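Chains A and B, in that order, are what the protein sequence lines are.
Under this note's numbering, the first residue of the first sequence carries the number 6, and numbering increases by one thereafter.
Under this note's numbering, the first residue of the second sequence carries the number 1052, and numbering increases by one thereafter.
Heads up, some of the hints might be wrong.
[Said to hold, decoys possible] One side of the interface only, derived from the structure: several residues of chain A facing chain B at Cβ under 8 Å: (1) I12; (2) L14; (3) A17; (4) A67; (5) V85; (6) V86; (7) T93; (8) L105.
Derived from the structure by calculation, the hints contain no laboratory data.
This one's a predicted model, so the numbers in the text were calculated from it and none came from an experiment.
Every residue gets a Cβ at the ideal spot worked out from N, C-alpha and C, and that includes glycine.
If you want the building blocks of each chain, they are given just below.
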Amino acid sequence: MGASSLIVLFFAAIAFSVGGISIAKIFVKGVKNPQKGQAYECGIPATGSPWHQFNVGYYLFALIFLIFDVELVFMYPWAVVVKQTGLTALIEILIFIFILFMGFLYAHKKGALKWM
Amino acid sequence: MNASVIIFYIIAAFILGAGILAVTTRKIFRSAIWLLFSLIGIASLYFWMQVEFVAAVQIVVYVGGIVVLIIFSIFLTQKSGDEMPKPLKNRSIFSALAVLFGFAFTFNLIKQYGFKQIESTPFEVKVSDIGNQMLSTTEHGFVLPFEVVSILLLAAMIGCIVIAMKVKHNEQ
């Protein structure tokens, strides 16, 4: 029963993390220090709120990410059988990735991945 | 009640709890994070049913893709960190009525449907079967559709770049 032990492991992981945080909450002394709330302990101090409106152009990043995300779904069953199928599987996936890499090159050439 | 049934009820409670928190929280970003937990719960339900491939797709596409898309769109809107106003009382009464009606309707439909026990072996697809079928070059193999999928994804990518970049040029 691989799947159900995975589920048990999942809930055990949640219990461990939640338990650790809540036990720490009980024992911690309430020392107020603005330095503690900083995003980084050292380095340049963060300025402004992180909740400002970002450029709409970044939505394109998410869309391109989603395409490669869907590509990953097809690589999962491929990765399971690549050892027994051998060279054919390798050639097939190379064609698959080559075609998608053309899309990536197109995005790069069009400047879709530029910092705005 | 065996262990499998108990695990099912734990998962179901987790999904429903995260879903209720997703719709009741006053901050939209937290709402997206609760939605993420709810979708992870659905993935574990698929694991419970031992359909590993569907579970993996659920995690990769929904948890990894759609929720990221939703979070991106939240960050692109104005005032994403603010608390939303409380819903109007009239509206919440009517939405509760609509939910109750929908629940009663679905419950009735499921109750009236005669579920039958199937004698044959349960439906079980291994990921290696899917992979072998997908990569096989024989007559009933799916290698051509597999390659065509990459063309489809390429077309989708080029399409979204063309449409989104056009909007950007109009703005300038």
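Hint check against the structure, violated hint numbers in rising order: 2, 3
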